[in-house]
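Student: Sequence:
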Amino acid sequence: ITRKAFGKGVKKVGTAKQKAKTILKGIIRWPEGVRGAEDDMRAGMEPVVKVLEALTLPERFPTGDVRNIKRVEAIQQALHKLKTG
Numbered sequence: 001i002t003r004k005a006f007g008k009g010v011k012k013v014g015t016a017k018q019k020a021k022t023i024l025k026g027i028i029r030w031p032e033g034v035r036g037a038e039d040d041m042r043a044g045m046e047p048v049v050k051v052l053e054a055l056t057l058p059e060r061f062p063t064g065d066v067r068n069i070k071r072v073e074a075i076q077q078a079l080h081k082l083k084t085g
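First residue of the sequence shown: 1, per our numbering; consecutive thereafter.
Incorrect hints may have been included.
[Said to hold, decoys possible] Listed next, with one range per pair, are the computed distances between beta-carbon atoms: (1) Lys12 to Ile75: 17 to 27 Å; (2) Thr63 to Thr22: 36 to 46 Å; (3) Val10 to Val34: 14 to 24 Å; (4) Gly64 to Trp30: 14 to 24 Å; (5) Leu82 to Thr2: 16 to 26 Å.
Just so you know, the hints here were simulated from the structure itself, not pulled from any lab data. This one's a predicted model, so the numbers in the text were calculated from it and none came from an experiment. The C-beta atom is built at its ideal place from N, Cα and C for all residues, glycine as well.
Kindly generate the complete structure, drawing on both the sequences and the hints.
Tutor: See the structure below:
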């Protein structure tokens, strides 16, 4: 929130593309519009998937073991680094 990342992202790509596609497709054609966004979604998620695939997680412990939070921390740190550089 303090970095105002959402607003910066909106300014970067704008809302015109999303609005235009929504209006053109309309509610009735929503499923088709979602399918049509597959390439955009794939392109947007590709860096995230690459980071997660390259990640080596710490050892997993039994369910409920507090040491498992280290696995979550590793994921959070890697994705935060991707986002902030």
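Student: Output the numbers, in ascending order, of every earlier hint that fails for this structure.
Tutor: Of the numbered hints, just 4 does not hold.
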